[in-house]
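Take the sequence shown: its position 277, counting from 1, is numbered 277 in this note's numbering, and each next residue is one higher.
Just so you know, the hints here were simulated from the structure itself, not pulled from any lab data. Be aware that a few hints might be false.
[Claimed, not checked] Lysine to any residue pairs mimicking SDA-like chemistry, simulated, CA-CA at most 25 Å apart:
#, residue 1, residue 2
1, Lys150, Trp164
2, Lys51, Arg17
3, Lys150, Gly167
4, Lys150, Pro165
5, Lys51, Gly21
6, Lys51, Ala286
7, Lys51, Ser38
8, Lys150, Pro79
9, Lys51, Ala289
10, Lys150, Val168
11, Lys150, Ala243
12, Lys51, Glu6
13, Lys150, Arg123
14, Lys51, Arg19
15, Lys51, Asp18
16, Lys51, Leu291
17, Lys51, Glu294
18, Lys150, Glu125
19, Lys51, Leu288
20, Lys51, Ala96
21, Lys150, Cys163
22, Lys150, Ala207
23, Lys51, Thr88
24, Lys51, Pro79
[As the list claims (entries may be wrong)] Beta-carbon label-pair distances, calculated as ranges:
#, residue 1, residue 2, range
25, Ala71, Glu192, 35 to 43 Å
26, Arg298, Gly117, 34 to 42 Å
27, Pro157, Asp198, 14 to 22 Å
28, Val148, Ala20, 24 to 32 Å
29, Glu6, Gly191, 17 to 25 Å
30, Asp70, Ala20, 18 to 26 Å
31, Glu294, Glu10, 40 to 48 Å
32, Tyr36, Asp198, 21 to 29 Å
Owing to the predicted nature of the structure, the values given are computational and were not obtained by experimental measurement. For glycine and all other residues, C-beta sits at the position ideal for the given N, C-alpha and C.
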Amino acid sequence: MDLLAEAGIEAAYLDSRDRAGILAAARQCAGIILGYASLDASMIAALPNLKVVATMSAGFDMVDVQAATDAGITVCTVPSAATADVATHAFAGMLALVRQLPRSQALARAGDWTGTGLPVPQRLESLTLGLVGFGRIAQFLANIAEPVFKEVIAYDPFTPAECWPDGVRRVELDELLESSNVLSLHTPLTGETENLIDATALEAMPAGSYLVNVARGGLVDEPALLEALDSGHLAGAMLDVPAQEPAPTDHPLLSHPSAIITPHTAYRSTDSLREYMALPARNVIAVLAGLEAETPLRVPVSTR
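Take the sequences, apply the hints, and build the full model.
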């Protein structure tokens with residue numbers, strides 16, 4: 001708010017996800033900064049003065065990007081403010097899963113120091129880590145995970161060859177699913193990727209494997225995931241992003257003994273929180289001044 005005021009931009013904060021409330025408050029706005037609220041095509045059409053939409057997120061599924069682009073509206077994201085934070089959260093999650101940390105803690109609190117009943121973990125150096133999507137976060141994760149896993153493989157049809165490090169083997173999705181003992185998701189949520197990890201995908205994974213999702217909840221078919229955990233085909237799952245946020249208190253994954261759920265906190269650090277606020281403001285200031293935004297969304301709308 002201070003940055004916007006210093007640039008001579010009148011701004012107001014609306015603590016609401018209500019569609020009608022957003023439209024009423026933003027009717028004359030030239031710029032909108034979005035947190036968890038959504039901006040669909042009909043809303044965009046009802047905001048004739050809108051020139052820029054800045055998300056407080058690396059994701060952009062809360063905006064109808066095609067409608068915004070067609071209307072000449074610049075869409076900006078926060079692509080790299082929490083790269084290290086999200087990658088290390090995913091890494092911590094997979095370590096906790098494989099090493100059975102939550103279950104081990106529960107035993108210790110109950111006074112059981114035998115470890116009886118705990119699955120005996122495999123060494124990480126015997127496991128293959130698979131990455132769905134190979135952008136900034138996945139590449140950071142690969143860099144810290146490569147020394148401890150047997151192999152790191154990745155699937156991403158969009159990342160160019162020159163951005164692909166030698167230590168990560170590039171594979172197609174089918175091979176990735178069949179080979180990954182630990183599967184970590186790092187792709188945007190689009191029409192093409194919604195429920196990408198469904199029952200068929202989970203069945204293709206090795207028995208006793210693990211799933212980590214710090215990207216978007218809609219990438220995973222949650223009923224299929226629950227069934228895979230209940231059957232034991234998956235040994236565990238760590239989700240920072242359920243399909244519905246906040247997740248209902250009676251959500252079966254919240255209490256599942258093989259699941260670790262965190263409340264969409266992978267991005268959080270003292271540094272990232274500051275940038276998640278400041279960068280969207282700087283993007284709005286730039287666009288409204290007729291300048292290039294720092295981080296305009298450049299991915300093809302129809303495929304990313």
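Here is what the structure says about each hint:
1. Lys150 with Trp164: Holds, because 18 Å separates the two Cα atoms, which is no more than 25 Å.
2. Lys51 with Arg17: holds (20 Å)
3. Lys150 with Gly167: holds (11 Å)
4. Lys150 with Pro165: At roughly 16 Å apart (the allowed maximum being 25 Å), Pro165 and Lys150 satisfy the hint.
5. Lys51 with Gly21: holds (20 Å)
6. Lys51 with Ala286: Distance ~11 Å between Lys51 and Ala286 Cα, so the pair holds.
7. Lys51 with Ser38: holds (16 Å)
8. Lys150 with Pro79: violated (29 Å)
9. Lys51 with Ala289: Given pair Lys51, Ala289 holds - Cα atoms ~11 Å apart, limit 25 Å.
10. Lys150 with Val168: Holds. Lys150 to Val168 sits at ~11 Å (cutoff 25 Å).
11. Lys150 with Ala243: Since the Cα atoms of Lys150 and Ala243 sit roughly 31 Å apart, the hinted pair is violated (cutoff 25 Å).
12. Lys51 with Glu6: holds (20 Å)
13. Lys150 with Arg123: holds (9 Å)
14. Lys51 with Arg19: holds (19 Å)
15. Lys51 with Asp18: holds (21 Å)
16. Lys51 with Leu291: Between Lys51 and Leu291 the Cα gap is close to 12 Å, so the pair holds against 25 Å.
17. Lys51 with Glu294: holds (15 Å)
18. Lys150 with Glu125: Since the Cα atoms of Lys150 and Glu125 sit roughly 4 Å apart, the hinted pair holds (cutoff 25 Å).
19. Lys51 with Leu288: holds (7 Å)
20. Lys51 with Ala96: Violated, at roughly 44 Å.
21. Lys150 with Cys163: Between Lys150 and Cys163 the Cα gap is close to 22 Å, so the pair holds against 25 Å.
22. Lys150 with Ala207: holds (17 Å)
23. Lys51 with Thr88: Not satisfied, since the Cα-Cα distance of roughly 35 Å exceeds 25 Å.
24. Lys51 with Pro79: Measuring from Cα to Cα gives roughly 20 Å; hence the hint holds.
25. Ala71 with Glu192: 35 to 43 Å: The hinted range 35 to 43 Å is violated for Ala71 and Glu192, with Cβ atoms some 23 Å apart.
26. Arg298 with Gly117: 34 to 42 Å: violated (51 Å)
27. Pro157 with Asp198: 14 to 22 Å: holds (19 Å)
28. Val148 with Ala20: 24 to 32 Å: For Val148 and Ala20 the Cβ distance comes to about 51 Å; the hint is violated.
29. Glu6 with Gly191: 17 to 25 Å: With Cβ atoms ~39 Å apart, the hint is violated.
30. Asp70 with Ala20: 18 to 26 Å: Given a distance of about 23 Å, which is inside 18 to 26 Å, the answer is holds.
31. Glu294 with Glu10: 40 to 48 Å: At roughly 22 Å between Cβ atoms, Glu10 and Glu294 fall outside 40 to 48 Å, so the hint is violated.
32. Tyr36 with Asp198: 21 to 29 Å: Since the Cβ atoms of Tyr36 and Asp198 sit about 25 Å apart, the hinted range of 21 to 29 Å holds.
When the structure is compared with the earlier hints, violations turn up for hints 8, 11, 20, 23, 25, 26, 28, 29, 31 and for no others.
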